[in-house]
Amino acid sequence: MTAKTTDRDRDWAAALAAANAGDARAYARFLHAVMPVLRGVIRARGRSFGPDQQEDILQEVLLAIHAKRHTWDPAAPVAPWLYAIARYKVVDAFRRRGAAVHLPIEDFAEGLAAPEADPTAARDSAALIGQLDPRSAEIVRAVSLAGESTAEVGARMEMSEGAVRVALHRAIQRMARFAKGERG
Amino acid sequence: MRTEDLIAELAASGPAAPALTPRGTGLRMLAAVALAAGLFLMLAGTRADLAARLAEPLILTKTLLPAMLAAIALPLGLRMMRPGARIGRAALWFALPASLAVLLWAATFARTAPAVRFADVTAFALSECVGLIIAIAALPMVFALRLMRAGAATRPRLAGALTGLGIAGLAATGYSLFCTQDNPLFYLTWYGAAIAAVSAAAAALGARWLAF
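Here the protein sequences line up with chains Z and B, keeping their order.
For the first sequence, our numbering begins at 1 and goes up steadily by one.
For the second sequence, our numbering begins at 1 and goes up steadily by one.
Don't read these hints as lab results, they were simulated from the structure.
Keep in mind that the hints are not guaranteed to be accurate.
Now the stretches of chain B that chain Z is said to cover, found in silico as 3 or more residues with beta-carbon under 8 Å [stated by the list, open to error]:
#1 14-21
#2 68-81
#3 151-164
#4 179-188
Here are the in silico distance ranges between beta carbons for each label pair [what the hints assert, rightly or not]:
#5 Z:Pro36 with B:Glu9: 44 to 54 Å
#6 Z:Pro74 with B:Val116: 57 to 67 Å
#7 Z:Arg135 with B:Ala95: 14 to 24 Å
#8 B:Glu9 with Z:Gln173: 24 to 34 Å
#9 B:Glu9 with Z:Arg47: 26 to 36 Å
#10 B:Ile87 with Z:Ala75: 53 to 63 Å
#11 Z:Arg47 with B:Ala91: 30 to 40 Å
#12 Z:Asp73 with B:Ala115: 27 to 37 Å
#13 B:Leu27 with Z:Arg141: 54 to 64 Å
#14 B:Ala197 with Z:Gly50: 44 to 54 Å
All values derive from a computational prediction rather than experimental measurement.
We put the beta carbon where it would ideally sit given N, CA and C, even for glycine.
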């Protein structure tokens, strides 16, 4: 550890210790201090994700830190604890999004470039979306294929952003089940 | 939701859960398995002439080996409750009970006449030994994993497996005071199988319950 990171860790430790003792302002200070570091980690590891999705992942990491802030050992440095939670949640988030949201787009791209290569690829994602109810299908097309943000889709469809996210998540889970040959 | 707003909301959301105390958690796990094993011994009774039998090294080994395994596994499982915890070299401690078990098994195999080696393996003996160890361990194992949800294991499957290993080792320690199978070929194999089964179940449950 360099002198600079030691100083930084001392600041984080003081803020987090105060936060866990009930100091809300110290807690806000701690979260603000670690946010840019976490954002950097997520950006470096998740280049294939758009800024909106990276911000969603950041929020998931912050929520996990919040829920598990009592597991930090005050006798130990903060950084390894923080990075372990961040890495765990980032991997988790990438696994869910990487498999579910991004494969259909790639399938489309391949299908357009080489229609004969794999006749099932492009048809599959279109067919999977086609099996959804119209509203879910519109959300998946808008967010996953057209790249609109959940906020934009929510405004257009008169749904809250959270409701759009939940609907998207469920639709993708249903598509994954369709792809495995089950009925949703 | 904007990240700034989220932070403001989190900061205003009240106190954190009580600080994690692996030692206290471990004591509660010990109490749970002691209760289960004690209850079993109270109902089933210890074997006759227990004290005299425990003076024989091969019989004492039946009690001490699973206890040693638990003494290694349980603290490591508790350590895994913190994010980013590693086992590292501490895993080498497992070589001690493992090599003792392998050596004892091989030596007994070599010294015993072929007809006698597995003569005590009957369907009843197996289901009694394996079944009762699993039965003693099951509830304490579930209880221990529920306690571990207060932590944040970033390797939930491993954390579950280690805790299962520790709880099952203690259950086998308790069971050994009742068990009259003194052939090391029998108890090493079937205690081992029961402990492995509990640990595997705890690993699978850990992957589900301890993920966060």
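| message | Of all the hints numbered above, which does this structure not satisfy? Sort the numbers upward. | response | Result: hints 2, 4, 5, 7, 10, 12 break, sorted rising.
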